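A.B. asks: One-letter residues, chain by chain:
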Amino acid sequence: MKLLKAGLIGLAATAAGAGAATAQSVCLITKDATNPFFVKMAEGAFAKAAELGVELRSFAGKFDGDHETQVAAIETCMAADVDGILLVASDTKAITSVVEQAREAGTLVIALDTPLDPIDAADMTFATDNFEAGRLIGEWAAKTMGDTSDAKIGLLNINVSQPTVGVLRNQGFLTGFGVDIGDPNRWGDEDDPRISGQELSSGNAEGGREGMENLLAIDPDINVVYTINEPAAAGAYEALRSFGKEDDVLIVSVDGGCPGVEDVAAGVIGATAQQYPLRMAALGVEAVATYAENGEVPEATEGKDFFDTGVGLVTDAPVEGMDQLTVEEGLELCWG
Amino acid sequence: MQDASREADGARPGEGVASFETTESIGRRIAHVFYAAPALVPLFVLLVAIAIFGILLGDRFFSPFALTLILQQVAIIGIVASAQSLVILTAGIDLSVGAVMILSSVVMGKFTMDLGLPPALGVFCGLLCGLLCGTISGWLVADWKLPPFIVTLGMWQIVLAANFLYSGSEVIRSQDIAEQAPLLQFFGRTIEIGGAVFTYGVILLLVLVALLAYVLSQTAWGRHVYAVGDDKEAAELSGVNVRRTLISVYALGGLICAFAGWALIGRIGSVSPQAGQLANIESITAVVIGGISLFGGRGSVAGTLFGALIVGVFTLGLRLLGADVQWTYLLIGVLIIAAVAVDQRIRRASQ
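Residue numbers (the working numbering), protein chains in the order written: chain A, 1 to 336; chain B, 1 to 351.
Think of the hints as simulated: they come from the structure by calculation, not from any bench. One should not assume that every hint holds.
[Stated by the list, open to error] Just a sample of chain B residues kept apart from chain A, beta carbon distances all over 10 Å, derived:
1) Val41
2) Leu117
3) Pro147
4) Phe164
5) Ala210
6) Leu211
7) Gln218
8) Arg223
9) Ile268
10) Gly269
11) Ser272
12) Gly276
13) Asp324
14) Gln326
15) Ile332
[Said to hold, decoys possible] Only pairs whose alpha carbons sit at most 20 Å apart, straight line, appear in this in silico DMTMM-like list of lysine to aspartate or glutamate:
16) A:Lys152 with A:Asp248
17) A:Lys304 with A:Asp123
18) A:Lys62 with B:Glu170
19) A:Lys152 with A:Asp123
20) A:Lys245 with B:Glu192
21) A:Lys143 with A:Asp308
Since we're looking at a predicted model, the values are computed, not measured. We treat Cβ as the ideally placed atom computed from N, Cα and C, and that holds for glycine.
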């Protein structure tokens, strides 16, 4: 009985809430609630929502790859009749059916950070150009080395399932470095002899260290290492340090988190391509508010099939002919 | 036992009863050997695996560098699996080991770097944190008589959530730690002996396993652990303080996990609240492949070390062969089931 009463009160509260909520509302659904990238993304969204007077509900999968919780979150948002959903999808293919339902119900769906598959399954995508991010660090590494014929390249990817973001960064890096990438939709099919090995890092320090150790076991003379993100780069550096090779190897990475930028300053990472999750989230909230007001759907960046939220190359050893940010500038813009 | 005798019977239909009995007694004798020394099977598998990869890969695998690299790569899981072994020997299970390890490492990092405590005190607080988590689990299992699976499933969630709430998912950088509190990275230091590289973490693992093996086989407390796992009621009746034994096992397990957290800082350099998410599953895998019975009371901590090493050998060996990483998971899955099947057979055959 007590339970029933509580339930009724809850229901009444929700109804009252819904009644009052003629104000605009938006949902943010991220892959998980622990990755600093998503934590910062949510902070950016909440700040923007407070500024615009938009009601924001935040959801997250229990872990990266938790598809079911994301589906349930979209259903909850549809039931709450929000104006728009900002989604960082874990399973970019499987999520499209429930996304379609939400769009049919008149909800604006914006994919953040990770494009859906196909990309037009969402109304718009606000993301980093990950291929460009990879290309920048690849070009920087090639220019820093000068003569790249003696390069021995090790690549630390995220995992075997080859998620789009990981493939784009990897292939972008190789392109920027001057390696023929073969099929741009997968890594590992290149036959350039300068590539010593492709390993996995799970995108964290533990995995980065183990992946780097495996790379060294395959080829102890590796001198350029691409890493999927900065925690993996930090782990790779620990492995190199334990074998006394930390000064012989150039590490490049992608992300631009604050610890990563500090690692650039400390010489752990040579250069990193910085992305801007706060900007992604803030722009997303703004787009939903505009859509709720006049039904306007955001436009893609010219020449791309998504809205490019920008990428900056952070290094303290600049090379000629590239736009670069200093560590100080990178620290001002960093997240996490 | 029935199965074994029937097989033997079927194999020699024409022979007399007497010779049938001899075959069975040889089988029994072998089963008894394995029953008495359960670490022999995983040791055998480990040596065979090393030999096979050595033949396939030659010097790349059979070098001091690669072989000690495997030790480095299994050190953390090996330490956690030692804690897991203690708990499983009492017929329990601890799903919270990885979470306790991470929370302890975060406490060490945050207390030292954010609160500015002396590193030694920060480390002490981290160890205390692990001990406390373990003691709570043990108390719930022993005094409240709750199933270990449920208690530690709950503790896993609680400790992991506490870790994320407290740390805000923020990493403490390796370079900052090296500058302000190198003690935290103590277990990352290395000793090099002719191409073989040992980290202090590896030495911690080896010393810990040796210590536990001694304590479990040579002290009253060790015998109580086995007795509780074998038959709790019988142990109680023969005067073993089951409650105190259980609490001490979980508490010690928590403390060992905290040491694993300390060693983890040494390995990855930084304090990362997101590390070690799979440590509970990986530790159970090592324990099972190492021949410790999930029904408790049988097995040895040396077996656990071999179990962890088998996983490490397969992982590095297959990577060096260039095989898809999924083959590693597939083979480890086969090993898990095979190990438990062998355990069942030995158990039945020797009864």
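A.B. asks: State for each hint whether it applies.
C.D. replies: For each hint, the structure was consulted:
no.: 1; hint: Val41; verdict: 27 Å, holds
no.: 2; hint: Leu117; verdict: 22 Å, holds
no.: 3; hint: Pro147; verdict: 23 Å, holds
no.: 4; hint: Phe164; verdict: 5 Å, violated
no.: 5; hint: Ala210; verdict: 24 Å, holds
no.: 6; hint: Leu211; verdict: 25 Å, holds
no.: 7; hint: Gln218; verdict: 35 Å, holds
no.: 8; hint: Arg223; verdict: 37 Å, holds
no.: 9; hint: Ile268; verdict: 4 Å, violated
no.: 10; hint: Gly269; verdict: 4 Å, violated
no.: 11; hint: Ser272; verdict: 5 Å, violated
no.: 12; hint: Gly276; verdict: 7 Å, violated
no.: 13; hint: Asp324; verdict: 7 Å, violated
no.: 14; hint: Gln326; verdict: 6 Å, violated
no.: 15; hint: Ile332; verdict: 15 Å, holds
no.: 16; hint: A:Lys152 with A:Asp248; verdict: 11 Å, holds
no.: 17; hint: A:Lys304 with A:Asp123; verdict: 14 Å, holds
no.: 18; hint: A:Lys62 with B:Glu170; verdict: 18 Å, holds
no.: 19; hint: A:Lys152 with A:Asp123; verdict: 42 Å, violated
no.: 20; hint: A:Lys245 with B:Glu192; verdict: 14 Å, holds
no.: 21; hint: A:Lys143 with A:Asp308; verdict: 25 Å, violated
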